[in-house]
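Given only the sequences and the hints, what does the whole structure look like? Please build it.
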Amino acid sequence: MSEAKRIVSAFFENVRSGKNLQAAYEFMHEQVIAHQVQSENEYTITRSPKDYIEHVEEMQELYGQFELIIQEIVADENKVYVRWKQIGQTDKNKTIIQIASAVYLVERGKIAEYWIQIDRKGIENQCQ
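Just so we're aligned, residue 1 is where the sequence shown starts under UniProt numbering, counting upward by one.
Heads up, a few of these hints could be off.
As the list claims (entries may be wrong) - Heads up, simulated DSSO-like pairs for lysine-lysine below, C-alpha to C-alpha not over 30 Å straight-line:
| no. | residue 1 | residue 2 |
| --- | --- | --- |
| 1 | Lys79 | Lys121 |
| 2 | Lys85 | Lys50 |
| 3 | Lys110 | Lys85 |
| 4 | Lys121 | Lys19 |
| 5 | Lys85 | Lys5 |
FYI, nobody ran anything at the bench for these hints, they're computed from the structure.
Everything numeric in this text was worked out from a predicted model, so none of it was measured.
Here it is as structure tokens:
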């Protein structure tokens with residue numbers, strides 16, 4: 001397994017899953033460029049490990065301790081593509097499934113940048 005793939009896999013297993021949030025400092029640079037698509041609009045934000053921890057905590061508040069299933073992970077040198085399914089429940093015990101994918105750039109042993117697409121319309125439809 002490539003080093004970049006190992007890092008991103010461990011990031012998902014520990015941080016993105018919500019199981020070991022403090023590991024964000026181990027897997028992410030202090031400033032990570034996050035390219036996102038929302039309703040066909042592309043925008044870029046900068047995330048720190050602290051920001052990312054708060055982001056996952058928000059998901060845990062909305063969906064409980066969700067299940068995260070990596071459906072595909074492919075590495076090409078220092079870029080890693082991941083497609084996943086996240087399954088959680090609202091406070092009304094309604095199951096919510098999120099489908100997403102991202103490409104992560106690993107530099108100097110940590111995640112430096114990523115490009116993410118999430119089926120937000122699908123989440124919206126499930127919450128109605």
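Q. Between Lys110 and Lys85, does the CA-CA distance stay at or below 30 Å?
A. The given pair, whose Cα atoms are some 23 Å apart, holds under the 30 Å limit.
**Q.** Pair hint Lys79 and Lys121, alpha-carbon separation not exceeding 30 Å
**A.** Between Lys79 and Lys121 the Cα gap is close to 27 Å, so the pair holds against 30 Å.
Q) Regarding the pair Lys85 and Lys50, is the alpha-carbon distance no greater than 30 Å? A) With a Cα-Cα distance of about 24 Å, the restraint between Lys85 and Lys50 holds, given a limit of 30 Å.
Q: Would you check the hint for Lys121 and Lys19, treating anything up to 30 Å between C-alpha atoms as holding?
A: holds, 27 Å
Q: Would you mind confirming whether the straight-line C-alpha gap from Lys85 to Lys5 stays at or under 30 Å?
A: It holds: about 18 Å lies between the C-alpha atoms, which stays within 30 Å.
Of the numbered hints stated above, none is contradicted by the structure.
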